[in-house]
Amino acid sequence: MSRLPVADRRTVRRALREMIGRHRRAVGIVLALHSAAAVAGLAPPWLLGTIVDRVTAGATVATVDRLALAIAGCVVVSALLSRYAQYAGHRFGERAVAELREEFVSRTLGLPVSVVERAGSGDLATRSSVDVATVGTTVRDVVPTIVIAGVQLTLLFGAVFLLHPLLGLAALAGLPSIVSVTRWYLRRASSAYLTEGAAAAELTETLTTTAEGARTVEALRLTDDRIRHGTGRITQVWRARRATLALRTVFFSVVEASYPLPVALVLLVGGYLLSRDMVTLGAVVAAALYLQQAIDPLDRLLQWTEQAQRGFASYARVLGVGMVPAEPPGRAATSRGERLVVRGARFSYSNGPDVLHGIDLEVQPGERLAVVGPSGAGKSTLARLLAGIDAPRQGVVSIGGCPITDLDPAERRRRIALVTQEHHVFIGSVRDNLSFAAPDASDEQMRAALVTVGADWYAALPDGLGTAIGDGARQLGAAEAQQLALARLVLADPHTLILDEATAALDPSTARRTERALAAVLAGRTVIAIAHRLNTAHDADRVAVLADGRITEIGSHDDLVAADGAYADLWRSWHTQADERPR
Amino acid sequence: MRYLWWLVRRQPWRVLRGSLIGTAWMVGLSVRPYLIYRAVDDGLRARDTRALALWVVAIIVAGVGLSYLGIMRHRTMTFIREDAKARSAEVLLRHLSRIGAVLPRRVGAGEVSTIGGSDIDWAAQVLTLTGPGVGAVVAYGIIAVVLWSISPLLALCVLLGVPAVGLVVGPLLRRLERAESVYRKQQGALTARSGDIVAGLRVLAGVGGRDLFARRYAARSQELRAEGYRVGAVNSWIDAATVAIPGLFLAAVVWLTARMAVTGEVTIGELVAVYGYVATLIVPVWFLLEGSHQLIRGRVAARRIADLLNVTSDDVGGPGRRWSGPVPDPRRPGAPAGPADLHDPLTGLTVRAGRLTGVAADDPAEALALADRLGRYVVSDTTWGGVPLTGVALDEVRARIMVADHDSYLFAGTLRDMLRPLADDDDGRIGAALRAASAEDIVDALPAGLDTPIDARARTLSGGQRQRVRLARALLAEPEVLILVDPTSAVDAHTEARIADRLRAARAGRTTVVIATSPLLLGRVDLVAHLRGGRITATGSHTDLLDSDADYRHLVARGSDDPDIEAADTEEAYR
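Just so you know, the protein sequences line up as chains A and B, in that order. The opening position of the first sequence corresponds to residue 7 in the numbering used here, with each subsequent residue numbered one higher. The opening position of the second sequence corresponds to residue -19 in the numbering used here, with each subsequent residue numbered one higher.
Please note that a few of the clues may not be correct.
[As the list claims (entries may be wrong)] On the chain B side, residues computed to face chain A include the following (Cβ under 10 Å):
1. Arg154
2. Arg158
3. Gly168
4. Ile177
5. Gly180
6. Gln202
7. Asn215
8. Val372
9. Met382
Note that these hints are calculated values from the structure, not bench results. Owing to the predicted nature of the structure, the values given are computational and were not obtained by experimental measurement. Backbone N, C-alpha and C fix where the C-beta goes; we use that ideal spot for every residue, glycine too.
One chain only, chain B, in its complex shape:
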């Protein structure tokens, strides 16, 4: 609710204007029945041509005025709603962009998509109630006064009757919505199935089974049709009731008024007017009923938005573990001034400044955990130039140490945006990074080169192409320390060999860690560390380790993709 109120306070004048116009419009709706009644009574019945002409002109003028009010109301409400949506989207965007790595642990992407797709709209919808909501109440009051002047008895009947009808019909409509939602859900599942078939079309083309899928889909489709029949049977009754109940009420009012007309209590014109008023009154009453429903949904939506906004980024990282060492002093971050060694006491790994270090891990999970510690995505005792890494301002860590995950995200945009989103780099530097990642052919193959738009996750590129784009991006960022996780697992041997050489040149003199098991990469690094069972069990050059460490030999041999080769065979191949 506070969130909704905040959205209102951002645009007070617009909301006020909306209320005024909304009220005027709603009141204006009852003007036409009044004018028609005057035209009938004063003009037609009295056979007074002048009066008739006057009232007819009034009807046209009022119509134009009403249409003006109506459109201004619509415009103002649209602006209020859009302002609220844009504002919500913006705060969400800013927040999501800042939270960082903890976000996926706290909130599912599906939830964000629901919030971004519909909750923002629902919350904004509530704001449009401000205008018509006030207007509905005022219009209701005015019609009440007018009716009272015709006949207090009629006024009472109508004023109580219309909301009563609303209260009866409202829940019916709600039921209709529920029945529909079951159907829609089933329909969504069926749509998902056809999408599934489209997505798997290539698999089906490879192995067959199309007929079976067509039959399965048709069976589901028939089930949905049957459900549709059921829903239709219920819905059509509800629909009929929602028309019949107000219709019967109207008939009752007409009957009452007509009897009064017979006895002369009301005039013929008033009889016609009452008929019109009852019809008009339905609009504000609907608004109020619909509004209360929207308010409920809007509040739920606003709460979900607020919850997401309350997810805070977590400076020290990991779940369930707390930094127990010295509390970092924010005024003295204590980061090493220049390149310094990174040390991870848990595994015993030391990353020498300015060198290219390879880490070969038996267990990929351990490798990922190591990267998380070195990049400070979790709390650990890792030190940087002797200083606890956890004590350094996070901003500085991010600016100087970069972990490039092998599945790091590729955002939609042109390839240029993807590679270097922040800088105004010239194509020369981009070209150099692409060369280092052996990714020039990707650019050449794209219709518009660097300016070709690519969708999120670069799904149109192959696995190997994506990996090389990621590598080029990491190289372009030129961090002081670069930690690459499996940077070449999806590229062919030829390309991998090229990357291994060029990577070395591109990162010359800068601290780089390559976590991989490929002999081509490990063969090109300054120093290899073998991570086994959570500890660094051996360090040395690739050749030294091949000679001295049988486990290491075995590990890098497994990097092959032909399982038929016996271990001995492979070892031989590697030697």
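Here chain A stands alone, though its shape is the one from the complex:
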């Protein structure tokens, strides 16, 4: 499996710069408002310092009243400013996140399906859920927190500098140890927390699957095994949590022990300056209070840095999806005719050994071709080449004389449909689940299509075509889901159908019902069926036997039986079950 790419740091930085660039105005406003709010927030300690000075100088009650009122005013102004700052920041975050996820989904939809399959859909699923969400939280919550904390800290330390440069220098006393321990921590934190999260998720999964498979646990007497397995998971979680705790122990103790350093130093320096009358007592008090006040934003900044780092990593994975070249648009919009021709097609998965070794095949319009052969012979690969999902490494697959991969993908899908064992019910109404195959279809046509494939159950749904189905709503059974997929095909009306064991994953009775529905779809089309049971082959116009990536036999059923090759052997073993069954 070749994994999906992950963007490197440069690309991520560039993307961030571009994002900020697009919202230049919004970002500017947010920063300005937050700075103003922080300035207003700095006033109370300064005013308190002034009160201290005035009272020492023997001020009146009226002065104190005025100053206290000023403190209250500053609190209100600061709150108002920060409200608008926060709101503007929030809007910016929402916009940026919306852009990001829409971009991600449209990129995902543009991915060539072969790339997704090779990477495993799990990777993409994780990116679409965990990573997009992580980036979302980061942009919406973490970045604003960090920005606010950063602005506040800058202003707090700036204020101390303004009171007196030497006090300002003293205020920086705690920074070296904090910075170095933070760097130490950040280098280790992300992977440790990811391990912890993964371990916790595995434990939850163990509990959930044990519950889901409870009957199997009882039937196969797996109780002890499940307990052993789960206990192992619990130990893993415990170990992972201890590891992160060890990191925090070092980090927090150093940081917390560093907090009093600037306060202490400012008091000492203040005492010295005071003795030379270079500052007032109020200034020293205000500086000490500022530093005390700086603890909170500093704490927040440090706590969220790790999260921001994780957001950065997730962003790299989200951007990585965009780095896969999108499915190339076709060169030829249409083709003449519907004749499928395969010439000398060879294929290998990601530079592995060839799975198909030179396939030559012609399928006439309206013909029914069955492809049989043992598992691993390359039947599904051939189906994918015929559907244009993969391009042959060598040779050509063409329809009406035009290489199939040159067709516009949308056009190609309209003409050739691949039906596999997989079916998927999309979240949405029944109508939503049908309309994407044929956007112009009327409700009447949809109902007719459903009836054609035997999906009369739709009539019993509470809201008919408007009934919500899929994950989180009404769940359809496997047969119903497959019928829905077939109704979609009726609407899409492709001239060529490729069936890759379309009913193999269903239980036998469901499979039977689905097969009946399938018959309605096949009429009047070119059908290439990867056969599961031999009677399909018996009924087809021609049969191709695939073995080890080669077509070893091809011809009508009767011809092949007469030729007395591998197919004839297989047929006889099936056919003679009834009369000369060995006992």
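Here the structure of chain A is known, so what remains is to put chain B in place on it, guided by the hints.
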């Protein structure tokens, strides 16, 4: 609540230590304002360098001490919480592993996942209240005493004011959480949609419709953005209020204290200290408010855990039906000592000991019900060697009779774990079972063979591969009686024929029931029973039944997958 108490009692010393350290830390928080106040009053104002140096050293020492207390508190609390989580997970695990087949009927898997994913955490979170909770109360008291010594009036204002502020701000924050939760829900739905698109990508590649999905998603995304704007407008006001209200309170206290300072009732240092105390007092008050909220959630979580633990396994099985026959005597299980016939009076089926029996059922639901009765997953009158099956100890039934459902669960692990989770079997036996299930190619195709990790339900394998793994697993267990439900419905004819032969050899001399409609399987069994309309209507060899039973002929003919073949056509093909 009893459950929470149980979790506490498992680790009394740790909880006690947590309380002590938590208290010390919380009290220690108010030390720094005091020390700063002394440094200002005694050192700076009095211009006493020695005193200043002394207090500054005290500030640093106290800082280091506080950081030590803080981290010890955090460590102890983390251990308490993790201990509680691990313990909860363990009891749940043991319980879930034991309940067995009734569980899915009583509890949804989604609920288990919620309990395992978040309820355990919520319940454990309550325990961390023990330390800081006590600490908060003590710290509050100490600050009260100190303030009282400065000025009783101020003390009253602060001690009543801070909780009042908390009570005003608390509900605001709760509202914020609610507004957020609506947003989060919508966000979750949107995430589900993108996951849905990813999951259906292959379908979209097969039939088209990508643009439509991109547009639909974008529309939803814009709706969420609009909701986000709304939430942001409300939240930013609430946030501003939560900052402004305590800020205004602080301003009022400063004003009051400053007036007292003017009249000389308090010193300048005390003025600074009061400012610090008010800020410090916010920590314990928050803890108490937050704690009460957590306690509520934790209790709900604990109740859900306890409810799950109260689901008991049900010895006799089925819902709504009660065993009316003789009450089984636990001292004399009365199970047949060796292989014996199974008889199901409801359908009239008799499974001969040591033979391979095929059951072809018209209605798959009836077949499943039959398997449930034979395997005693429900109450029935089924007998085993003449003894009512319901009277035999369940453990013994499970050990000797195995029902292998066609959708039986595959747990995550290496393929080896999947196949034979309990035994220390050598690869030879595993290889034999894989061969019997014609599943060697699955192992060969996996990168690390038997040691390749496979996820739950073996989603990475194809339907046919999964089925063969299940079959191999059932064969490896070597039960005295093996009941296979549709073991080969998803494999191709070639493979099915091979399995039919090998299965026969692998189970030679042992009681085996194969419930299926495939002629390839039924053609290889000793005796076929035709289950139709709830009764066994005919028994005999496959060939006999093909000749004598038209319905049977029709039934096995339907096992084809090409609906175009007319019935007559198919019959001909089968003959």
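Taking the hints in turn, this is what the structure says about them:
1. At about 18 Å, the closest approach between the beta carbon of Arg154/B and any beta carbon in chain A exceeds 10 Å, and the interface hint on this residue is violated.
2. With a least beta-carbon distance of about 17 Å to chain A, the hint placing Arg158/B at the interface is violated under the 10 Å criterion.
3. For Gly168/B, the shortest C-beta to C-beta distance to chain A is roughly 9 Å, which falls under 10 Å, so the interface hint holds.
4. A distance limit of 10 Å between C-beta atoms decides the matter here; for Ile177/B the minimum to chain A is near 6 Å, and the interface restraint holds.
5. At about 4 Å, the closest approach between the beta carbon of Gly180/B and any beta carbon in chain A falls short of 10 Å, and the interface hint on this residue holds.
6. Given hint, Gln202/B at the interface with chain A, holds; its Cβ is 7 Å from that chain's nearest Cβ, closer than 10 Å.
7. Using the Cβ-Cβ criterion of 10 Å, the hint placing Asn215/B at the interface with chain A is satisfied: the shortest such distance is roughly 7 Å.
8. For the restraint placing Val372/B at the interface with chain A, the shortest Cβ-Cβ distance is roughly 15 Å, beyond the 10 Å limit, so the hint is violated.
9. Checking Met382/B against chain A: minimum C-beta separation of about 6 Å stays under 10 Å; hint holds.
Checked against the numbered hints above, the structure violates hints 1, 2 and 8; every other hint is satisfied.
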